[in-house]
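Peer 1: Here is how the chains run, residue by residue.
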Amino acid sequence: MKAIILFGAMILGGIWTFFQMGSGPSYTIDYSTQVKPILNKNCIACHGGVKKQGGFSLLFQEEALGKTKSGKPAIIPGQPEKSSFIQRLHAKNPEEKMPYQRPSLSKEEVEILTTWVKEGARWGEHWAYQPLKDPSIPNDNWWSRALAFIGFNSGWESNEIDYFVAAEQKKQGLSHTEKASKPDLLRRLYLDLTGLPPTTAEYQEFEADASNNAYEKQVDKLLKSQHFGEKWASMWMDLARYADTKGYEKDDARTIWKYRDYVISAFNQNKPYDLFLKEQLAGDLLPNPTESDYIATAFHRNTTNNDEGGTVDEEFRTAAILDRVNTTWEVLQGTSFGCVQCHSHPYDPIRHEEYYKFMAFFNNSRDEDIPDDSPYYRHFKQQDQGKLDSLKAYLISQPKQIQKEWTQALRFVEPKIHPHWADQFVNGALADNKYLAVRNGGSLRFKAVPLMGKTSLLIAGKNSGPAPTYITIRQGTKTGPIVTRLKLDTTLQEKYAKPKGLWSKGWAYAFYTIPSLPGKQDLVWEFKNAKTKPDQNTASIGFWMMIPEVPADLKPTDFQKIAYQIISASPETTTPVMLENPTEFTRTTRLFKRGSWLNPGEEMTRGIPALFSKKPVSNRLELAEWMGGKENPLTARVAVNRFWEQLFGTGIVETLEDMGSQGLAPVNQGLLDHLAYQFQYKFKYQTKDLLKYIVMSASYQQSSIISEKDREKDPNNRYVTRGPRIRLNPEQLRDQALLWSGLLATKLGGASVMPDQPDGIWNAPYSGMQWEKSDGEDQWRRSLYTYWRRSSPYPTMVSFDAGTRDVCLSRRIRTNTPMQALNTLNDPVFIEASQFFARKYSITGAEFIKKGYLDLFGKPISENKLAKLNAFYANMLAYYSKNNKETLAFLKLCPDNNVPKDPAILVAKTLVANALFNIDESINKP
Amino acid sequence: MVLASGGKNPDAGKSAWGSGFLPSVYQGVQCRSAGEPVLFIQNPDGVNADIRKASIETINSVNEETFKEFGDPETVARIAQYEMAYKMQSSVPEVMDISKEPEYIHQLYGTKPGEEAFANNCLLARKMVEQGVRFVQLFDWGWDSHGTSKSGSVDWGLHQKCLETDRAISALLIDLEQRGLLDETLVVWGGEFGRTPMQENREGKTQDYFGRDHHTDAFTMWLAGGGIKPGFSFGETDELGYATVNGKTSIYDLQATILHCLGFNHEEFTFPFQGRNFRLTDVYGKVIKPILA
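Protein chains in written order, with the working numbering: chain A, 1 to 926; chain B, 1 to 293.
Isolated chain A, as found in the complex:
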């Protein structure tokens, strides 16, 4: 029987060879994998996107084959002997020789380049920019399945992933490891899918389940857990650069936690990844955006905001826009785009102006580096929401444009005209670069502000003195016709609502009616208040805006009254969001010469780099659609690589942030493309389906025991020769300790919390912000909810490789340091957790250790480990039995207060628990 099968295989092999021989002309050199790396390493720094020495660049094909300064092309396809590109590699004269004043290329490199030119200098596209195709599964055919069925080959493979993994292993002379033990596998799965380890009961449930699909049942259960969303949101927070403060010098508070909750719920709902991106990039531009769509757009409102006195808003608005561009490319497209800000990409074919064409998508949002993070979604209290709903009912019959204008005014109080719009100050200033402060007789101008015939004016301001201030508004110039005279009343604060928490000044909102002026106008505002001293301000202004006209067919007075009430209402909370400028506020985008915003060049229209798409794309919504669409080669590859990295510790492309030609090559491109293709087309971008597919593979379920051979030949497990044994991240470490102790609060979402943190961490100048320890269960929430201050993140996060979140972080590079050991040994959070864990058990000594270990890891402790921990326990018990003072100090108890019956036993058990929480089994996923 076996002999016949082998014979069959030989026939098939023969036919295959025959077909291969029949295919077109053969090339021996491949541009992307062989030529491009040599160019990137040796040539492109002088002949690429930054410099074009001698008029020669190797970045684009037409440049490489085009004429150089000498008047001739440097590369003549087919004729290496006539190509100076090749000849100068051999030049003797140091002025001629290339690479210029650097070591010569190796013989092999010269040969590759020469053969490449000889074969016609065929250009090629970098692998990651090529359209995504469904690669064929290696060695997976009816034949190998039949062989497996009769036990002729291993039949190790669980799904297609494993065929790709096995094929690569075979190439490297490596092989897989046997399946992990049930408890190890369960702990790995729990930590990977929910970020939390299993409990005793959960270990038992899995152990007791002898059915064939016991593991799959666990997978399905965990994918349904609410903790699933928390775990994956915690990954996304680094990418979104989520923080609870605004960054820079002041680093004051920002309320944006609803965005974090949006991400949790998106993962929990299994929201398709393309839709997830679309909502985050352009939720505000969807046809009828919901509250959730707006909150999603806070993704790009997590940029930092500079409130320091003396800083120019436009500079930091621009910085935020640039960050949105760079983050979009790095996080969603795995492309280093930042360098294109100043010049064409040094290595990948992207042109300087394409950066700004892309920036134009983002350069028309209403945010302008304002301290209150305008524009923000106002989440109303119930009665205000009711009023808004009543107005919406009126508006429903109105044209779309009117509805939109009113929504912007009622929901967002936009479009605001911010103080930095003003110029031509006389006896007044943009105080602290934030608000307008004008003295008696002083004036300022607003140039070309869109009034558009509107007659209803809102001023958010504050009258400084005891008497009212009069503002005269003139059209055009200081001597122009008077538009109106307004009175800023002293009783303003009492008379009008004072929306709280918007910015520190707490502006009062006052409404006025002014005559209708068309289009955009220059307005001069003069301030008079005879009762103020010469060096005292008459009033300060936070912003002003024109309220839309009430449609004539609505009952104007009622509508207007309610509208003003809603506009002045104090919302329950707010979330900064993306809001596109109304037409009359549209910005033009210009190229920045050498990347400097102070040096604007040509006007740019929106577009995607030609490398990726030639189709016109006109706004953020279309951009987001292109990103999730068929044409985009990167989105799915970048996403699956990231999910893979979370599970296996390293991406298939190690540089998660860069799939360009300078990134590291994929260690298994077939596998990456297969996963990406499945994700995009089979799973319709549903993350849970992708994750299930990966964790169901035999590759994922391997034991992480490392053989001598693998340690040598695959030290970093790039070929997945074993299970991923990876150190937990700081969130998991703390959450695990809390869960084990029984302290963990499982409440989902809500405002960020402040758990126990040593004093003095937030010792920042010019800031009244305080770390105020949260009450009750909020001390023991999952780490994802810990308040994140950019200038001073929570210490455990700092010790265990999290970034600051000033900018996105694609990858936490894992380190192993003594500071981490001190953290998990001595941080009061871990000590408290150890004690609560110890208290859960009435048993002591070896019984406690055995049961404790079993509960934590689902498997019995080895004799040797037990002996070591038990000796330590005995040692501790002996010491603390004799040293009552230390015992009470450790338990933080007064001698006559609440002392347990055997305090020394509790201390000994706590210290054993502290050791258990610190052993390698705890610090790693198995």
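Among these hints, one or two may not hold up.
What the hints assert, rightly or not - Think about it this way: if two alpha-carbon atoms lie no more than 30 Å apart in a straight line, the pair counts; the simulated DSSO-like pairs of lysine-lysine are:
hint, chain 1, residue 1, chain 2, residue 2
1, B, Lys205, A, Lys533
2, A, Lys882, B, Lys87
3, B, Lys53, A, Lys851
4, A, Lys97, B, Lys286
5, A, Lys182, A, Lys118
6, B, Lys205, A, Lys528
The hints are simulated quantities; they were obtained by calculation from the structure and are not laboratory data. Note that the structure is a prediction, hence the values are computed from the model and not measured.
Given the coordinates of chain A, work out where chain B should sit on it, guided by the hints.
Peer 2: Then chain B, alone, in the frame of chain A:
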């Protein structure tokens, strides 16, 4: 190692000693003057060094067993890190304790044990350098003399800051020299910007104190010790002290020079980040050769 004085941490927070685009193993560690000297270095109440030693030995012996099971080299590394943590627990408080320094040293620096002061930090810096710490950074807060308060004034506050720092910084140089350490230790003194030569009148009002605003066009830093020419000044401003008229150097030049003194060629010393090899001096900087010894 990072030490702060003046009552506040620097404005930039932890990013002032963060590792930027380098892995976090290169970030600075703050030594605190209040509470434990390094975060979590103190054992919980009631746990002494012997107990912690026993506990770390237990953890490590269990980890040795685990290494036999899984063969993961990271486990071996972790064992070493736990040992190092224990060593730090005993050596850091020792280094951070200046009370055992002789009286003449306290006289020299003007130090009072137990205080949070720039002088104490200077003495600590010397102790750390002696112990082989490679980078010590001292931050001193309270130099933002806008003239809007007494302590933030040029006439009183700045004078106080100078009194607090002058003696201590000269003491540090003298002390390093007398221990034969100055030739291999580079001391850099400076701030992130200078102050205007003219007075600041905030909001156009006459203030109760004199003050100066931020100024970036011209200001001074000094370097002493390892590799730097002594008794020499470089560069010049106009007669007002407003603009540089010759010898203008940039922060990148300073960084290139510091790296040079440490034995690095800043143009070759790179780390791959965002698709290219990044230098610590970005694409700028020239070693300021005239100031080299």
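Peer 1: Hint by hint, say whether it matches the structure.
Peer 2: Structure-based check of all given hints:
1. About 12 Å separates the Cα atoms of Lys205 (chain B) and Lys533 (chain A), which keeps this hinted pair within 30 Å; it holds.
2. Of the pairs offered as hints, the one joining Lys882 (chain A) and Lys87 (chain B) holds, with about 27 Å between alpha carbons and a cut-off of 30 Å not exceeded.
3. Only pairs whose Cα atoms come within 30 Å are accepted, and Lys53 (chain B) paired with Lys851 (chain A) is accepted, the gap being roughly 25 Å.
4. Taking the CA atoms of Lys97 (chain A) and Lys286 (chain B), the gap is near 27 Å; set against the 30 Å cutoff, the hint holds.
5. Annotation: proposed proximity of Lys182 (chain A) to Lys118 (chain A) is violated, straight-line Cα distance about 58 Å (limit 30 Å).
6. This hinted pair checks out: Lys205 (chain B) and Lys528 (chain A) have alpha carbons roughly 19 Å apart, not beyond 30 Å.
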